[in-house]
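Single-letter residue listing:
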Amino acid sequence: MFRKTIIGFAFCVPLLLGQEFGLGPLISGFVFDPASKGIRPFLGIPGGGYVGRPVLSELDAAWVAPNANAAVAVRGPEAFLVRGLKTPEPAWLRLEGADLPTAAAWNADSTSFAIYSQSSGVLRLYTLRGMEVDELAWYEAATAEEPVRAIAVSRRDRKVFFAREAADISGLYLAAPGEAPRWVTPLSGVAALTLANRDQDVVIVQTSASGAVLIKDAAGAATPIPLTLELDTSSDLVGAVCAPDGRRLFFADRGTRSLLTYDLEAGLVESRTSLDFAPSRAERLSAGSLFLLTTPEGTQPLYVLDAGPVPGVFFVPTAGPAGEGE
Amino acid sequence: MKNRVNLKLLLLLAAALPAAHAQNQFAVFADQPQGVSGIAHNGTVNMIADGVGIANTARLTVSYRGTAAATISSIDRTGSNEFSITAPTLPATLRPQQSIDITVRYTPATGNRSQGRISIGFTEGVSQPSAYIVNLAGTAPDLAVSYTFPGGNATLLTGAAPLPFAPTALNKTLTAVIAVANRGTATGSVTGVRSAGSAFQLSGLPLPPVSIDPGRDMQFNLTFAPLPDQEYTGELHVDLPGRTLSFPLQGSLTLEALLSFAYAAAGDFLAVPNNGTVSFNGTQVGRKSTLRFMVRNDGTGAANIGSISLVPPGPVFSIDGLPALPFSLAPKSSLEFSISYAPTSLGAATAALRIENNSFTLAGSATAPDPLPPVAIEGPAGAQQALQQPRYTLSLAQPYPLNVTGVLTLAFSSEVFANDATVQFATGGRSVAFTIPANTTRAVFPSNASEIRLQTGSVAGTITLTASFATEGGVNLTPANPPSIALAVPQSAPEITSLQLGGKTANSLSILVTGYSTTRSVRQMELQLSPVAGINMPTTRFTINVDSAFLSWYQSAESQQFGSLFTATVPITFEGSAPSGGNLVDLIQSLSIGLGNASGSSSMKTLGLR
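Which chain is which? The protein sequence lines are C and G, in order.
In terms of this note's numbering, the first sequence opens at residue 1 and continues consecutively.
In terms of this note's numbering, the second sequence opens at residue 1 and continues consecutively.
Read the hints as simulated data drawn from the structure, not as lab findings.
Note that the structure is a prediction, hence the values are computed from the model and not measured.
Possibly wrong hints are sitting among the right ones.
[Claimed, not checked] List of simulated lysine to aspartate or glutamate pairs, EDC-like, C-alpha gap at most 20 angstroms:
no., chain 1, residue 1, chain 2, residue 2
1, C, 86, C, 132
2, G, 288, G, 472
3, G, 288, G, 320
4, G, 332, G, 378
5, C, 37, C, 109
6, G, 605, C, 245
7, G, 504, C, 89
8, C, 86, G, 558
9, G, 332, G, 256
[To be verified] Estimated spans, in silico, between C-beta atoms of each pair:
no., chain 1, residue 1, chain 2, residue 2, range
10, C, 132, G, 542, 35 to 41 angstroms
11, C, 37, G, 365, 52 to 58 angstroms
12, C, 244, G, 540, 23 to 29 angstroms
Glycine included, each C-beta is placed from N, C-alpha and C at the ideal position.
Just chain G, with the same shape it has in the complex (with noise of 0.2 angstroms):
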């Protein structure tokens, strides 16, 4: 029995007890964490936890403010079993103005609300046995962590394993939101939120202390952003009043490649990044330069390079020194290989390496192919007869690096006003195509001959051989003073190729006289007859002027496909009688034919005709 009485209770008596009959005997009041409170009958105490499992005690005075005395007999606790109490020994019987002192201890298991009741018996005087009923009401928050990562879905944090984050690449991030939710129905309270562990950063909190009303949350942002040689474990602790809730955390790092590039043409490795540019520096045509590229793994993981390629794959642009494909390129290794340039035309190129998904620009541009070297075209120059089918050959005085191209034409500058369309090459035509392989010097003509052949023709004038000369990719390779050989037909006297006996009879004979002349004219024809012995005609030689005729001829157009070539057809009649009846033509033994011009005469050809 404690007989303290204090002025706090004697405020509160006045205006706080109610006016039931026995009850009115006593007041109680509830001395809790915020503060005191007076109790009616059946009046109710609320008692808020500070969190689940946390105590929360409120120690009830009942006073007895009667006149006589009153026993307390019993005090019962009924209703949630979070409620417990400690009374004092009974009975007790107090005076007037005395009172005990009834511990009650509220510990919530849940969140949800709790409701007990406590039924103090008494009696006073003689009066019939009463009780005096205090209800009980818990109330405590529950606060509950969870984490959500993106995509995902909430997933409640106990403590009994760690808060996993998924295998992350270094220099990735990895953010799970932190929710602390009130689960509960009284309010929270979170004072602080800590993380340990290099491997993990919180962001987003709000400055505590934090109130979490029941059924609202509080989030915030928890990072893994593993970096290398770091652990990547840790913990979160979310500190409540009393107590600290703790979670261990578990990150990993992906095995990861990442892939770098870089290339050098002397001395050091330049980097190059995807879609980025690899230059060449000025390469002349026909030769090549050569640079190194590396593929570099600083990443985790193994990259698996399936593809290297070059579009288009060449000729200009080549890749060499590639490992077989697909290739395992281990984490802090590197491949290399050769890019070689090697431009067949002047001016800038351009092609595209391509490593898996990375792109690259290679370009190149090119500069001018050493000139060639002397060059000569040899064979006969110079007066050459007609008719003739010379051989000549082009050559270099030495070895050149690159495959050249050339064409050999062939010019006719006539004396006498007329084209020969027989002066041409053996091939055909007044051009030829050759090459000179790289490294030789000896041009190749048509059939793999090492020399070509072209006709002189059979018409005054000069041939001048030219050459031409180019790479396989189109540059001029020409001297600036090209390569050439002359040869020239001179103008001279007609010549007869052959004579033949076109046709006979009695007293006629048809000659066909082929033959030709420089100048294409030819002005008179000798004729000498030679009799058969004892035969005497008065006349054996003649001279006839041809010179018309053969000017018409070499007028036609029939006649340019020829060059002076002619066939003369030449009918000769005879007059007389021959001895005992014979045919005249029987008495000529031969004939001999002789052609003249300005520039002098042909030997005589003779055709037996015995």
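Okay, chain C solo, but in the shape it has when bound (with noise of 0.2 angstroms):
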């Protein structure tokens, strides 16, 4: 049996002292922000927030992490692992060697991200470590016409899948740290990738009205499951994220301004939600619920879903705070 244990609970001491118990200002994401060429803060929390002024400028692009802790960031012809985003002083870290990224991809945890140069069509895992960053593989993916069109990563593991549109090998790949890549699937016109069911699983979107395919156990089996979506002829997939408690799987449509909710249990649409909007994209904004559903442009609010218990669309305005008498 247990000794009992007594677990005594000491946390007055730092309470009273005000250090330890932090009271902080609430940073839902990044997101960058082509327009204004900055990563840029989402301030506060649907229904309650805004896009805030860049933390980050003079960039040419940006994939954030989940944890809105860092960022890796293209400035001119050099690629860089930025992190600190919420400090004032973000630390910059050049990315040795790597080709100039056009696609990034962070795994959920924020624990490592693969990034791609159309270029060279190498694509580069780099993992995480303490203050460091290890460059775990890079592999010759693709070719410059025949590029990469979709990239995850999974947490535990650091697999990468991608998929590549070539003219007799066109596919779902999976890339191991310590392996060749290899075909995993055949498909075509890719839209985007996701994750789901603890990253074992990959969902396919792609592009037009052509649906959504998931391969079940993709590092394994490899089990491809053609997603009944319901799918109208002006649809258009751009993206789709997987709940956190991953009953449920996102498909954005900006054929049809709408998002569709599949109950992957069930195996069928939950639900279609008309949007005020046409979304551009499906991506991970935060590491807990929330999903950008499209990218700032001018004055027009970012969009984003909030994918919990509850899931929600929600506007973010970008035009910063509201002052007192505006």
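Make the complex out of the two chains shown on their own, each in a separate frame, by following the hints.
See below:
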């Protein structure tokens, strides 16, 4: 039997000093704004937030980690890992030897990321180790003429799934540390990838009204399961995300300006929600349940999906804080 | 032979006769219109004609005053053929005091001086033949009529062709200066000047008769003044002694356009001169007043209208119904088009209407537009939850005929002395522009949206939406009591939106608590620990006073950006020892946290740890 354990609770002293009990700003995530060439914070939460001024500027591209602490950034001909986005002085680390990234993807726990360069066709995988970043692997994944279309990185085992359009070998590929990339399954017209079922399955979103396919156990048996999405002929899927609880997939349909909610367990569309806007993406904004459905554009609000227990689509004003008497 | 003796001759005899020897036996007298004069041997008879081609006659009486007898054997004329004589039959014998008459006729062919001689050959008794010489001198006026137009040269009128007046416009005149010049050698006389033809008028005539000395002239004006429906021919008559010089006159009408202008708002047209004003009655902003403008050609020739324009070209004033330009407006016809005045702002407005070289001022005065129909702002009102994004529409009760612009403004009145920067429209900020197209009722927001959303934020207070309206030209249409709608975020207990595990060690946890408190006040935190099965904890529920910590946060400048949102980092450290040397934290199955303030307490939020 367990010896009874008396657990005390030592909390009061730090609390009274106010040193460890911290109250601070609420930043739901960061988003790259191509117009301002900066990484801008989402201050607050859906329903009570807005996109603030850039914390980093003069960037040509950026991909922010879900934990909102780091980002892969491109400035000029160089690629960097920037850490401490929420701090006054983020730290810049040049990614030596990396070709100019044209795409990047973080895994959901922000511990690894992959960058892809279309000019070289090389895919590089990095992992964060403390304050250091290690290049785990690089792969000659594609050619400039037949590039990689989408990338996803798993959490624990840091597998990289990518889709490539090629004349004879279009399909989903898997690259694992220490292994050469291997072809998983044929497919074409890939718009986006997302991982589901604890990153064991890959959801492939196909362009136009082609629909989506779930590759079950993508690193193993790789069984393709077409998803019945009841798409309209005008549908144009731009991305998909998996809810944190793993029970639902959300598909953004630019063509019909709607969001499809797909019940993975039931294997059918649970609902179709009309949107006030045309979604252009479906990508993780935060480590929680927030996903981006659009990119900042002028004075148009940003739209995000909260894929929590009560899913909802929210706008996020992009003009900064509203002042007194404005 | 004549034996006439008259007193006149006798009186002259003693005074006049020179003392030539043979010739002295004769006495010659010239009887002319101007009187009788003795003509000595080699004397001169001055004959003055009235004009070229007009004969002047003198009668020469040759009397023998000797005592014997004289025989006139010859009478010869020499010199200018403008002189001619009529003499008696010769030879003619004259007894004392007998005479013969010689008629001398002078018909000048020109106005020049003429000369001639009459030689009267005679013998007296047995004397040698001799001759009595009478010289002839003829002069005549030569009146020539000429005309000169302004800027032109003098042109002789001969009568063979009419005096041509250049084409002249109706109601215009053309004047020629007529000169009667004496190119001759004797004074001429004009006894009268007349004109025939209603289109021709004389002026500047001196009182007749007018004597014109050689080398001088008489001038007067002859004016061609055409009127409609006239004959444009006539005659000029210059009366001279015994004759009239007549000259035909010929005028013609210039085919010229004669434009006049008029406008009509309703009913009859009102004439408007060049540089005149065309006035529009008071017109409401957003309405349009139209009048007809007429261009009439009362001339004799077509008017070529190449340009009709407005300066400025619009939009307040506009033209409609123009024909294709250039347009040829025939005589006795008119052209009509419409001019509209559609003011977009109050007050006066002007523009210039230009038709060829004519200009007219268009003047309008705008009055206030019709008031807006009732306006409704529709959407959630009254008490609302925090962190909501409601939708609002704005509409008119009836369509309005003008395009309307407006601004929907959001005002936030905090109940807790703090602004909430997140309270704003989806488009950013606290005001958003909209339009209501004419003849519609719904406001259109940016991106052509029929509704606008806003965030209610997380601070207790009242959000009031009000709208203002104006015409496109800026005329205020906002009702005296502008439409508004109010929604309120009430003061309430704190809410926890999420619990996350921030970090974990063997004996400590860091919990991230995200939430908000519309009163911007959190006083206590409740912490409930749930150990794993089989583990007993002496205390599992803890109440922590967090009032001062939250007060510091809410008083900070940084917190102003977030309304009442916060992220609290809650460190929890465990003391004790775990069975089998495991981690203390692994003995906690889950924890729940709740927050409270004066308005109440939140529900407990649970975070599973295993």
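Evaluated hints:
1. Pair hint residue 86 (chain C) plus residue 132 (chain C) holds up; C-alpha atoms about 18 angstroms apart against a cutoff of 20 angstroms.
2. Distance check on the hinted pair: residue 288 (chain G) and residue 472 (chain G) sit about 15 angstroms apart at the alpha-carbon level, within 20 angstroms; holds.
3. Restraint check for residue 288 (chain G) and residue 320 (chain G): the C-alpha separation of about 13 angstroms stays at or below 20 angstroms, so the hint holds.
4. Of the supplied pair hints, the one linking residue 332 (chain G) and residue 378 (chain G) is violated, its CA atoms being roughly 64 angstroms apart against a limit of 20 angstroms.
5. Between residue 37 (chain C) and residue 109 (chain C) the CA atoms are separated by roughly 25 angstroms; this puts the pair beyond 20 angstroms, and the hint is violated.
6. A threshold of 20 angstroms between alpha carbons decides the hint, and for residue 605 (chain G) with residue 245 (chain C) the separation of about 17 angstroms falls inside it, so the pair holds.
7. Taken as a hint, the residue 504 (chain G) and residue 89 (chain C) pair is broken in the structure, with Cα atoms around 26 angstroms apart against an allowance of 20 angstroms.
8. Between residue 86 (chain C) and residue 558 (chain G), the direct Cα distance comes to roughly 13 angstroms. Compliance with the 20 angstroms bound is thereby established for this hinted pair.
9. With a C-alpha separation of about 12 angstroms, the suggested pairing of residue 332 (chain G) with residue 256 (chain G) holds against the 20 angstroms cut-off.
10. Checking the proposed 35 to 41 angstroms range against residue 132 (chain C) and residue 542 (chain G) shows it holds: the Cβ atoms sit about 39 angstroms from each other.
11. The hinted window of 52 to 58 angstroms between residue 37 (chain C) and residue 365 (chain G) holds, with their beta carbons roughly 54 angstroms apart.
12. Taking the beta carbon of each, residue 244 (chain C) and residue 540 (chain G) are about 28 angstroms apart, inside 23 to 29 angstroms as hinted.
Violated hints for the displayed structure, listed by number in ascending order: 4, 5, 7.
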